[in-house]
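J.: Top to bottom, those sequences are chains A and B.
Residue numbers for the first sequence follow the working numbering, so the first one is 1 and each next one is one higher.
Residue numbers for the second sequence follow the working numbering, so the first one is 1 and each next one is one higher.
Careful, some of the hints might be misleading.
Stated by the list, open to error - PhoX-like, lysine-lysine: derived pairs with alpha carbons at most 20 angstroms apart:
| # | chain 1 | residue 1 | chain 2 | residue 2 |
| --- | --- | --- | --- | --- |
| 1 | A | 171 | A | 127 |
| 2 | B | 256 | A | 86 |
| 3 | A | 86 | A | 74 |
| 4 | B | 256 | A | 74 |
| 5 | A | 128 | A | 86 |
| 6 | B | 256 | B | 188 |
| 7 | A | 74 | B | 188 |
| 8 | A | 74 | A | 171 |
As the list claims (entries may be wrong) - Heads up, incomplete: computed chain A residues facing chain B, CB under 10 angstroms, no partners named:
| # | residue |
| --- | --- |
| 9 | 19 |
| 10 | 25 |
| 11 | 29 |
| 12 | 39 |
| 13 | 44 |
| 14 | 70 |
| 15 | 71 |
| 16 | 99 |
| 17 | 102 |
| 18 | 109 |
| 19 | 117 |
| 20 | 166 |
| 21 | 167 |
| 22 | 180 |
| 23 | 185 |
| 24 | 188 |
Hints in this document: simulated from the structure, not taken from any laboratory.
Keep in mind it's a predicted model, so treat the numbers as computed, not measured.
For glycine and all other residues, C-beta sits at the position ideal for the given N, C-alpha and C.
If you want the building blocks of each chain, they are given just below.
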Amino acid sequence: MSVPANHEFFIDPGRCIGCQACVHACSECDTHRGHSMIHLEYIDRGLTTQTTPVVCMHCDSPTCAEVCPADAIKRTADGVVQTARKPRCIACNNCVLACPFGVPKMMSQFELMMKCDMCYDRTSTGKKPMCATVCPSGALYFGTREEIEALRTSAVPTNRFRFGGQVIHTKVNMMVPANRSVEYVDVASALNEAPTGQDIELNILTDRRPAATTT
Amino acid sequence: MNERICATIWGGAATAALALLIVLGSRRLDHFDAALIGYTFATLFATFGIAYRYAMWLQRPPTWRYWVRGWQLFLQPRLLGRNLIQLARRLGVMFALNAFIWRRGTLRGAAHWCLMWGCVVAAAITFPLVFGWVHFETVPGDLNAYRAYLFGFPTMAFPIRSWIGFAVFHGLVWASLLVIIGVMLAMKRRMTDHGAAALQQFGEDYLPLIALFAISATGLMLTASYTWMRGYAYDFLAILHAITVILTLLWLPFGKFFHIFQRPAQLGVSFYKDIGARSEQVACRRCGEAFASRMHVEDLIEVERALGYAYELANQPAEHYQWICPRCRRSLLAIAQANLWTGLRGGEPLLLDAALTDAPPATAP
Numbered sequence: 001m002s003v004p005a006n007h008e009f010f011i012d013p014g015r016c017i018g019c020q021a022c023v024h025a026c027s028e029c030d031t032h033r034g035h036s037m038i039h040l041e042y043i044d045r046g047l048t049t050q051t052t053p054v055v056c057m058h059c060d061s062p063t064c065a066e067v068c069p070a071d072a073i074k075r076t077a078d079g080v081v082q083t084a085r086k087p088r089c090i091a092c093n094n095c096v097l098a099c100p101f102g103v104p105k106m107m108s109q110f111e112l113m114m115k116c117d118m119c120y121d122r123t124s125t126g127k128k129p130m131c132a133t134v135c136p137s138g139a140l141y142f143g144t145r146e147e148i149e150a151l152r153t154s155a156v157p158t159n160r161f162r163f164g165g166q167v168i169h170t171k172v173n174m175m176v177p178a179n180r181s182v183e184y185v186d187v188a189s190a191l192n193e194a195p196t197g198q199d200i201e202l203n204i205l206t207d208r209r210p211a212a213t214t215t
Numbered sequence: 001m002n003e004r005i006c007a008t009i010w011g012g013a014a015t016a017a018l019a020l021l022i023v024l025g026s027r028r029l030d031h032f033d034a035a036l037i038g039y040t041f042a043t044l045f046a047t048f049g050i051a052y053r054y055a056m057w058l059q060r061p062p063t064w065r066y067w068v069r070g071w072q073l074f075l076q077p078r079l080l081g082r083n084l085i086q087l088a089r090r091l092g093v094m095f096a097l098n099a100f101i102w103r104r105g106t107l108r109g110a111a112h113w114c115l116m117w118g119c120v121v122a123a124a125i126t127f128p129l130v131f132g133w134v135h136f137e138t139v140p141g142d143l144n145a146y147r148a149y150l151f152g153f154p155t156m157a158f159p160i161r162s163w164i165g166f167a168v169f170h171g172l173v174w175a176s177l178l179v180i181i182g183v184m185l186a187m188k189r190r191m192t193d194h195g196a197a198a199l200q201q202f203g204e205d206y207l208p209l210i211a212l213f214a215i216s217a218t219g220l221m222l223t224a225s226y227t228w229m230r231g232y233a234y235d236f237l238a239i240l241h242a243i244t245v246i247l248t249l250l251w252l253p254f255g256k257f258f259h260i261f262q263r264p265a266q267l268g269v270s271f272y273k274d275i276g277a278r279s280e281q282v283a284c285r286r287c288g289e290a291f292a293s294r295m296h297v298e299d300l301i302e303v304e305r306a307l308g309y310a311y312e313l314a315n316q317p318a319e320h321y322q323w324i325c326p327r328c329r330r331s332l333l334a335i336a337q338a339n340l341w342t343g344l345r346g347g348e349p350l351l352l353d354a355a356l357t358d359a360p361p362a363t364a365p
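Extracted from the complex, chain A is given alone in its bound form (with noise of 0.2 angstroms):
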């Protein structure tokens, strides 16, 4: 069994609406049933409401695998970045440390690195992953490369991320604006620049109401 080629995840942290839903039902995947792999971060709280759903990229040459010491990530033919292997994981928190999408968890109390597998139970199976299949808002959508085109007219995926010299190919696509010719999504260049939003103002809890009307 293996996932479809035709079949891929599409993500777009800008619709996220931190709902949660992709949270919950994660843990219902029976890879790693109870336990919830995807991480939904607030992107700074001080600023912005805004949340993302971090899933794993399943990097074509992935990071964590090759720091891994005890050879315990191993990527299948259909380009899945599996969970570490049970027999072999130490448990040394390499590639939770290594990762630069910041995906793996370590699991202490198994001494087991885990992380999301695209609910490989479902997708080697032609099914969806379990975020994907309940995120109301589009930020996780998985299917055809000819389905997102129809939905997103004016967005196109790109799966190559760049952290200072170092590009990486993912199997998991981004959506970026099709109308800017975008060879890479720079990751590290948004060290220097703060998030997008509209400014909150936060004084809106103090006490600025206009005065009563009285009639």
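Once you've looked at the hints, dock chain B against the given chain A.
T.: Structure of chain B alone, referenced to chain A:
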């Protein structure tokens, strides 16, 4: 030196060392049982394969880094006493009890514990007997007693028809029963667990169980043959048992069983983590939160460079992406994507100063 040549030398050295120990331990083959020669050669081959693969594995940059670091930290004179106590505790909790595997799942824990102890007991009995390191002789003047000899030196004697004699001579039976229970539990899990079904492979997950079951079942058939069936088909069963054992030994370096030899690395890593937790922690160069030990981050940077990764951040104060904590990495991915959409989806880069100033609200038009 080419890594394959290096591994071949280690494989050859380990095989030669075992061959020498067999000759010495069996007193120049005096106590070596020639009927077991097939087992001996299969073991020597397995030794070469295991040492070769171990040496290849050890030469990977991350493995070598943590192998050396693990020993350096473990052998530090001022920590050696504490480390030895921890080692004894961890050998008991992690290895003898398999505590972490039980936490992964009761069925998984029970299956692994039975399989592991069955194999440990069987190996502890079989290999010394095959190598001629242990043999039994009748006590002179007492035909009802046996004496065990270890490396040719006499040890304890015991009556043949006693509980201790029964327990010793049926050691492999007890081991087989443990292994069969373990195989059944593991098979049940593999046949009923949807998660396991999605990931398991025949060669990696079923074949080891089948091999262990074949060894145990044919071994028990031998006992049944000579105990209750007056040796019926004993020669055939002996050959069948030898084939199952020898094939498994030959396969030992290649398949899932290799984790037996990799797994002790967990102990080295546990000392690495202990000392890392007590040493200087580094703060993320974006959010300022401590997230790992400096030793670990610096080691990873070196490992990544050795592997050919270039996560260096030229002209940025952070210097290397490894100095950014995993949580910030997740946020940065979203910020980078949002910035690509600036001017198209609405919103503008939020300015920290503007957002935090206590400016009066804009007047509604």
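J.: Under the criterion that the straight-line Cα-Cα distance not exceed 20 angstroms, is the pair residue 256 of chain B, residue 86 of chain A satisfied?
T.: 11 angstroms, holds
J.: Is the shortest C-beta separation between residue 29 of chain A and chain B less than 10 angstroms?
T.: 8 angstroms, holds
J.: Against chain B, with CB atoms and a cut of 10 angstroms, does the hint on residue 70 of chain A hold up?
T.: Interface hint status for residue 70 of chain A: holds (6 angstroms vs cutoff 10 angstroms).
J.: Restraint: residue 117 of chain A near chain B, CB-CB cut 10 angstroms. Satisfied or not?
T.: With a minimum Cβ separation of about 8 angstroms from chain B (threshold 10 angstroms), the hint on residue 117 of chain A holds.
J.: Once the shortest beta carbon distance from residue 102 of chain A to chain B is found, is it less than 10 angstroms?
T.: Holds, because the Cβ-Cβ distance from residue 102 of chain A to chain B comes to roughly 3 angstroms (cut-off 10 angstroms).
J.: Report holds or violated for the interface hint on residue 19 of chain A, using the least CB-CB distance to chain B and a cut-off of 10 angstroms.
T.: 16 angstroms, violated
J.: Would you check the hint for residue 171 of chain A and residue 127 of chain A, treating anything up to 20 angstroms between C-alpha atoms as holding?
T.: Holds, because 17 angstroms separates the two Cα atoms, which is no more than 20 angstroms.
J.: Given the hinted pair residue 74 of chain A and residue 188 of chain B, is their alpha-carbon gap at most 20 angstroms?
T.: Status violated; Cα separation ~25 angstroms.
J.: Does residue 180 of chain A pass the interface hint, meaning its C-beta sits closer than 10 angstroms to a C-beta of chain B?
T.: 7 angstroms, holds
J.: Tell me if the interface restraint on residue 99 of chain A is satisfied: Cβ within less than 10 angstroms of some Cβ in chain B.
T.: OK, holds: residue 99 of chain A within 10 angstroms of chain B, min 7 angstroms.
J.: Tell me if residue 167 of chain A is really an interface residue toward chain B, meaning its C-beta lies closer than 10 angstroms to one of theirs.
T.: 9 angstroms, holds
J.: Given the hint that residue 74 of chain A pairs with residue 171 of chain A, test it: the Cα-Cα distance must not exceed 20 angstroms.
T.: 14 angstroms, holds
Comparing the model with each numbered hint stated earlier shows that hints 5, 7, 9 and 10 do not hold.
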